[in-house]
Amino acid sequence: MSQDLFFQHLANGISLGSLYALIAIGYTMVYGILRLINFAHGDLLMMAAYMVFYGMLIFSLPWWLSVILAVILTAALGAGIERVAYRPLRDSPRISVLISAIGVSFFLENLGTVLFGGRAKAVYRPDWLAATHEIGGVSIMTLALVIPAVTILLLLVLSYLVYKTKTGMAMRAVSRDYDTARLMGIDVDRVIGFTFVTGSTLAAVGGIMWALRYPQIHPFIGVMPGLKCFIAAVFGGIGNIPGAVLGGFLLGIGEIMLVALFPDLAGYRDAFAFVILILTLLFRPTGLLGEKIAEKV
Amino acid sequence: MLNIQNLHVYYGGIHALEGISLEVPANKIITLIGANGAGKSTTLRAICGLVKAASGTITFRGEDITQASTTQIVQKGITMVPEGRRVFPDLTVLENLYLGAYTRKDADVKRDLDWVFSLFPRLKERKGQLAGTLSGGEQQMLAVGRALMANPSLLMMDEPSLGLAPMLVQEIFNIIKEIHSEGKTILLIEQNARAALQLADYGYVLETGRIVLAGSGKELLARDEVRKVYLGEE
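Sequences listed follow chains A and B, in order. Here numbering that gives the first Met the number 0 is used: the first residue of the first sequence is 0, the next is one more, and so on. Here numbering that gives the first Met the number 0 is used: the first residue of the second sequence is 0, the next is one more, and so on.
Simulated from the structure, these hints should not be mistaken for lab results. Just so you know, not all the hints are guaranteed correct.
[As the list claims (entries may be wrong)] SDA-like mimics (lysine to any residue), calculated; alpha carbons at most 25 Å apart, straight line:
id: 1; chain 1: A; residue 1: K165; chain 2: B; residue 2: S152
id: 2; chain 1: A; residue 1: K165; chain 2: B; residue 2: K123
id: 3; chain 1: A; residue 1: K165; chain 2: B; residue 2: Q169
id: 4; chain 1: A; residue 1: K165; chain 2: B; residue 2: K104
id: 5; chain 1: B; residue 1: K126; chain 2: A; residue 2: Y177
id: 6; chain 1: B; residue 1: K27; chain 2: B; residue 2: M0
id: 7; chain 1: B; residue 1: K51; chain 2: A; residue 2: R82
id: 8; chain 1: A; residue 1: K163; chain 2: B; residue 2: K51
id: 9; chain 1: A; residue 1: K165; chain 2: B; residue 2: K27
id: 10; chain 1: B; residue 1: K109; chain 2: A; residue 2: T166
id: 11; chain 1: B; residue 1: K126; chain 2: A; residue 2: T166
id: 12; chain 1: B; residue 1: K126; chain 2: A; residue 2: S158
id: 13; chain 1: B; residue 1: K227; chain 2: B; residue 2: Q169
id: 14; chain 1: A; residue 1: K165; chain 2: B; residue 2: Q128
id: 15; chain 1: B; residue 1: K109; chain 2: A; residue 2: G167
id: 16; chain 1: B; residue 1: K51; chain 2: A; residue 2: R175
id: 17; chain 1: B; residue 1: K51; chain 2: A; residue 2: S158
id: 18; chain 1: B; residue 1: K75; chain 2: A; residue 2: D188
id: 19; chain 1: B; residue 1: K126; chain 2: A; residue 2: Y162
id: 20; chain 1: B; residue 1: K126; chain 2: B; residue 2: T91
id: 21; chain 1: A; residue 1: K163; chain 2: B; residue 2: W114
id: 22; chain 1: B; residue 1: K51; chain 2: A; residue 2: G167
id: 23; chain 1: B; residue 1: K27; chain 2: B; residue 2: K217
id: 24; chain 1: A; residue 1: K163; chain 2: A; residue 2: F193
id: 25; chain 1: B; residue 1: K104; chain 2: A; residue 2: L64
id: 26; chain 1: B; residue 1: K126; chain 2: A; residue 2: R175
id: 27; chain 1: B; residue 1: K104; chain 2: A; residue 2: D269
id: 28; chain 1: A; residue 1: K163; chain 2: B; residue 2: T132
id: 29; chain 1: B; residue 1: K123; chain 2: A; residue 2: D188
All values reported here derive from a predicted model rather than from experimental measurement.
Given the sequences, and given the hints that come with them, work out the whole structure.
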């Protein structure tokens, strides 16, 4: 492979990887605080993408306003799901909440089919996003630059939120120990709700960028990215935010490079992520950056 | 200050507290002693709302707090140093202390931080360190300091000397005295019954969810049944 071609693929891999990273954070944050794999997370991508689509099509809103509204509504939807489907099960065995999460996922997919129809719809992609640039022999679409830039910006905001603010301190405390967090006067339910708002915001941005990258949407577009980002979170060490980012980037770059180096394996592209999952669980179940976590008492 | 009337608590099917009544007057040190499983910790957990009372009432400064949430109770001025310290290991010492002041919006947080640092100079030296890297004794001091950061009027402590070296145990008891002299009311649970009764103004002896004896620290120390069962004397 020539050097130019390598950088071409690398740029592509970074762009995909940053999407994975953004979405994987939502899984890892919810896991960190509830010890729950939120299977409905992937479907939030789909809901956000449709909201932008209909915001522009039916309500004739400018694209930026549609995006802002879709992000806000998706964040509210994420918090609403927690309130309705997870909070009432707070004292139930963990498996009940997991089943509830799978139920919400199926519900959203089928609700999407009823509301939006099962046929795929073409997404409007503004010209300036689709324009390509020649940079040092590599041709890159504006979108492929925008995606990592947005991701990095959101990562900076998130790190500030989690590590520098009082709310972030409360989130870290709650993810350790509910009862002791309560003794500090922390309203645990509110912190959990806020965590869902944060994760869902990232999912919304991820979903919208996903729909721009693969400009066709249908009610099941969230399934595969959802699963892959879940894998990225496990690969990086579930519960660990830097781990989710690392896992996301490695998975995205790995997937693109696999296809680039072995074009014959292109059909197994999706299998790559699942092989990674199996290997992680077999040989390093705590993930790359995961700590040895004793079962929560 | 704190008054408990006929408190019943169930854990699942277990009747953990079978009608406890006790009184914690302001500016006193009150201690609960008793064997493991007698209901001491459950009593404290019920006061701060971590377990719900099945019946009975808990009043704090004349206000019924039986059904209040832990967040509300902390805001009203009750905090607890939980059994086993329970510091947040992956937060720094300073972050742990600020979490103690989580509900406060007044300007005196800094003053209380200085006070905590003067009580526990070791914590000041280690304020940037992760709490999980502290020794057991330092973690206990952090847990006490964290509870003080809420500026409580009633401080409850669940086995603060458990698992500490004898020298540190003495230090913890000295600290409790010092905190008390600053005008805090203290409700203390201790395995170390002798030290607790020597310190306390008044004590209650719990057995299987009931109060079987009550009296001033001196009275209880002199009682035969206390000497035999809790002080190990013949």
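Please flag the earlier hints that this structure goes against, numbers listed from lowest up. 3, 8, 9, 17, 22, 25, 27, 29
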